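Here the protein sequences come in this chain order: A and B. Every position in the first sequence, counted from 1, becomes a number in our numbering once 1 is added. Every position in the second sequence, counted from 1, becomes a number in our numbering once 39 is added.
Keep in mind the hints are simulated off the structure, nothing from the lab. Predicted model only: the values in this text are computed from it and were never measured. Think of the CB as a built atom: it goes at the ideal place given N, C-alpha and C, for glycine as much as any other residue. Keep in mind that a hint or two might mislead.
What the hints assert, rightly or not - Per the computed footprint, the stretches of chain B lying under chain A, defined by three or more beta-carbons under 8 angstroms from a beta-carbon of chain A, are:
no., segment
1, 116-129
2, 163-174
3, 408-422
Stated by the list, open to error - Taking lysine-lysine pairs in the DSS-like style, the calculated list, with each CA pair at most 30 angstroms apart, reads:
no., chain 1, residue 1, chain 2, residue 2
4, B, K130, A, K190
5, B, K168, A, K190
6, B, K130, A, K197
7, A, K133, B, K214
8, A, K416, A, K350
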Amino acid sequence: MASLIRSWIPLLILQSFLVAIAFGSKEAEEFSEALLLKPLPDRKVLAHFHFENRAPPSNSHGRHHHLFPKAISQLVQKFRVKEMELSFTQGRWNHEHWGGFDPLSSMNAKPVGVELWAVFDVPQSQVDTSWKNLTHALSGLFCASINFLESSTSYAAPTWGFGTNSDKLRYGSLPREAVCTENLTPWLKLLPCRDKDGISALMNRPSVYRGFYHSQRLHLSTVESGQEGLGSGIVLEQTLTVVLQPETTSVETNMQPSWSLSSLFGRKVVGSCVLAKSSNVYLQLEGRLGHESKNVDTEIEAHKLWKNADFDLSLKPDRVLRESSSLLFIFDIDKSSDSEPFDLGLTWKLPSKWSCQQAPLQATRFLMGSGNERGAIAILLKATESQEKLPGRVVTDGRCTIKANIFQIFPWYVKVYYHTLQIFVDQQQKTDCEVLKKINVSPSTDKVSSGMLEMMLELPCEVKSAAISIEYDKGFLHIDEYPPDANQGFDIPSALISFPSHHASLDFQEELSKSPLLSSFKEKSLVRSYTEVLLVPLTTPDFSMPYNVITITCTIFALYFGSLLNVLRRRIGEEERFLKSQGKKTFGLKQLLSRLTAKIRGRPIEPPSSDSPAAQSSFLSSKLIFKIILVAGAAAAWQYFSTDN
Amino acid sequence: MKIVILVMLLCYSFAFSSGDTTIHTNNWAVLVCTSRFWFNYRHMANTLSLYRTVKRLGIPDERIILMLADDMACNARNEYPAQVFNNENHKLNLYGDNVEVDYRGYEVTVENFLRVLTGRHENAVPRSKRLLSDEGSHILLYMTGHGGDEFLKFQDAEELQSHDLADAVKQMKEKRRFKELMIMVDTCQAATLFNQLQSPGVLAIGSSLKGENSYSHHLDSDVGVSVVDRFTYYTLAFFERLNIYDNASLNSLFRSYDPKLLMSTAYYRTDLYQPHLAEVPVTNFFGSVMETIHTDSVYKAFSSKTSNNKINSEMPVNQLSEHDELQKANIPNDELKTEKQKCPYTQMRVDLHEKLEKFENVDTVVNLGIAVMVFVVMISSSLL
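Can you build the whole structure from these sequences, using the hints too?
The structure is reproduced here in structure tokens:
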């Protein structure tokens with residue numbers, strides 16, 4: 002019996018394995034597209050494109066994909082990437098008007114330029130190599146100079162300040178990197194329908210790049226299957242967030258501008274991407290509560306929601322959802338076709354005002370001091386109006402506090418003195434232990450690694466403003482290390498301010514989790530905001546200096562030798578005599594000399610004067626003899642010294 | 040001993056055969072814009088125009104290495120975001136929707152340029168940033184920027200000298216990275232950049248002779264800067280009429296340059312290039328037209344075959360007349376809009392030369408200087 006069982010065991014294992022594979026393969030790859038439109042209080046419109054591509058766990062060898070981009074899965078396999086985010090951004094997110102306490106802003110408000118972070122699933126010693134290879138691969142894939150992040154002076158390994166706790170995390174950003182069509186096109190090529198069909202067909206390059214803010218993000222994470230023999234699944238999330246200014250004809254400044262998809266992008270949606278599982282357009286209106294009833298069951302009520310005294314929608318929404326302070330209209334674009342393109346429009350009839358929910362503290366960062374030698378960096382946190390209403394206050398020991406994490410990378414040429422860290426709360430200097438809960442500093446090494454500062458502040462709830470300042474010295478670079486436009490200054494990457502006890506989420510009470518956009522909103526995301534990029538002018542050498550040095554040295558040499566020559570060779574008295582008596586001839590040494598002079602000067606022989614030739618020749622010969630002695634002495638001395646050595 | 044000689048002979052014959060009789064297998068293009076800053080918009084437009092042309096004539100994106108030293112399309116000063124124009128009529132957006140820039144911004148350095156040519160990269164560098172040509176490749180190397188006597192400036196910070204270029208080409212030849220190479224340069228005194236070249240199979244065209252400047256073609260008042268250089272403008276005027284099946288020869292391209300319109304003399308260096316120019320179609324370098332050869336057996340050794348296609352060394356009559364019209368149409372335009380942008384280096388050189396001319400008996404000064412320098416060196420060394 003025992004032997005029978007023993008012989009059955011491998012079979013059973015094999016069977017369960019096969020079942021698992023069959024089960025795994027049944028889970029197909031999924032792609033979904035969504036577009037969220039949102040009018041902003043400052044008369045702009047936000048468009049947020051969201052594409053999600055899921056590859057289920059499958060056998061890691063010989064993986065075959067239907068929808069999932071092969072380039073990304075190869076990247077994940079080759080570099081063992083556990084989680085990665087890459088963003089390309091131009092423009093600055095306006096936290097005041099565009100919101101700072103919603104999932105959209107906390108995930109899509111990114112620092113200017115390129116930001117890349119990745120968590121690897123490799124032994125600790127190989128993380129840096131993987132990072133280096135990953136940056137090169139990404140630079141080839143996305144046509145950007147991401148490979149500049151490979152040098153250890155440009156990235157850091159945050160421990161807890163970044164929000165993701167892992168010792169295999171690497172973070173780097175390139176604030177100067179340009180973002181343009183060549184970055185968007187490869188990003189679009191990862192989509193199964195590219196920009197040919199579906200929602201992505203809206204992305205007309207000139208209208209996207211004319212916006213006030215555009216941020217193109219790629220986030221991928223691997224999902225462990227938990228089963229042996231199966232690799233991990235990959236979730237690839239691609240978002241493009243654009244803030245556009247609709248063209249208005251109305252002169253009323255308090256009236257919100259009316260817009261439609263075709264006026265914003267110059268294109269219309271013609272059908273959905275057939276490979277997408279769901280393709281929806283959402284319109285989110287904020288600050289509409291109170292005057293609508295909670296009950297939207299009846300047809301008339303629903304109709305009132307999208308055609309009312311305030312505004313008109315050009316299309317009837319398929320569903321309407323509501324959250325505590327906002328309305329969400331959902332449109333299915335499957336029905337649109339060539340003859341009936343989907344062109345959603347919003348027409349405002351009455352002036353409307355609302356405000357966005359803001360993060361508890363608003364962060365700005367600036368430079369202090371003047372001159373090219375030293376300075377100071379200050380981060381100012383100001384309380385916002387909405388601070389008191391927000392959840393997420395922590396009451397410890399009877400004190401209500403707000404936690405704020407600050408994460409900052411300093412390039413090595415900004416030599417920060419960490420002992421000069423000063424913290425002011427409501428303009429009063431505080432000792433470190435009062436407000437500083439945790440601090441982690443890794444100082445920079447010249448030309449080897451960048452410095453990193455992670456701080457956790459615990460501020461009282463009633464705080465109005467808090468300021469942190471730290472002093473630094475400016476370093477000198479080697480002449481080869483300066484970029485071609487060094488006079489423009491050097492960038493200090495954005496600092497990241499996050500609020501670990503605050504989480505933003507939008508829950509539209511929709512149990513159907515089939516929309517990845519809404520489910521990503523539902524997840525609690527850390528409230529975070531990036532500060533401005535600082536431009537530090539460093540001492541730049543005069544790059545024409547070598548040339549100047551050469552010219553000046555040559556001039557000095559020429560002057561020196563010229564005058565020396567004059568002193569040694571010129572005989573003014575003799576020249577005058579030459580002029581007085583031309584035509585007369587002399588003989589001997591003098592003639593030889595004049596011939597030599599003429600030859601050297603390249604002039605015809607000037608007949609020397611014959612005025613008192615004897616005296617002249619004796620004078621001349623004495624001078625000549627002196628010279629010869631001098632030269633002979635010099636030569637002898639030289640000979641002596643050189644042989645002495 | 041005999042074996043050694045045999046091996047040497049074999050090697051020699053192999054080298055000989057691979058050098059001359061390899062069949063043309065693929066086309067590559069390396070397009071370089073070396074100028075940074077907004078006012079050098081025209082250099083980027085030049086490069087992108089060529090990029091568009093070679094793409095249109097059949098070279099795929101993965102065989103084009105495009106190097107752009109600055110971002111003009113999404114520059115804050117650009118009135119037309121994500122668009123670059125090479126003509127003030129704005130009919131053609133050179134940036135398009137599908138541009139693939141391989142090296143950009145600070146990456147465009149002399150070092151990276153030479154690395155691309157010679158193929159000496161770090162292991163991590165992706166394939167899209169490498170010139171993966173072989174011994175059957177025809178390579179077009181186009182460069183534009185600011186230059187002078189035997190050098191081309193990269194980003195106003197470095198120079199590529201004619202020796203560097205010649206050495207790189209020589210190394211490429213030795214590594215069998217090309218069969219034929221065409222170097223086209225649009226810069227001041229472009230001809231001087233080819234002085235040191237000595238590798239066979241290299242054909243070079245420069246926009247101007249030594250001492251001459253290359254001028255911009257016209258100013259676009261909407262963009263605010265000059266949008267194209269003369270040499271490139273007339274090169275494009277030639278190519279715009281061609282499609283992938285045309286057989287226009289290199290000779291007809293060379294003859295299409297009119298020194299009056301260019302305001303400089305285009306220079307061709309052909310002594311290193313064997314084939315007769317009238318028989319070489321321009322698509323040999325600017326396009327990718329493959330010749331299919333029927334073989335009886337599957338693996339028959341290939342041999343170089345002269346093309347049976349008739350090459351038009353003369354442009355068709357209607358094209359010529361069109362060309363004339365174009366030129367006539369352009370003449371008043373040119374006079375109005377020529378922007379005299381003399382290269383500062385040339386200017387400086389001319390000034391210096393004039394001063395030297397005025398300075399008399401230079402030889403005497405030099406001779407005396409040398410004599411006294413010897414003397415002083417002796418004194419100073421004895422004092423030390």
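Hint check results:
no.: 1; hint: 116-129; result: holds (count 4)
no.: 2; hint: 163-174; result: holds (count 6)
no.: 3; hint: 408-422; result: holds (count 10)
no.: 4; hint: B:K130 with A:K190; result: 26 angstroms, holds
no.: 5; hint: B:K168 with A:K190; result: 18 angstroms, holds
no.: 6; hint: B:K130 with A:K197; result: 23 angstroms, holds
no.: 7; hint: A:K133 with B:K214; result: 28 angstroms, holds
no.: 8; hint: A:K416 with A:K350; result: 56 angstroms, violated
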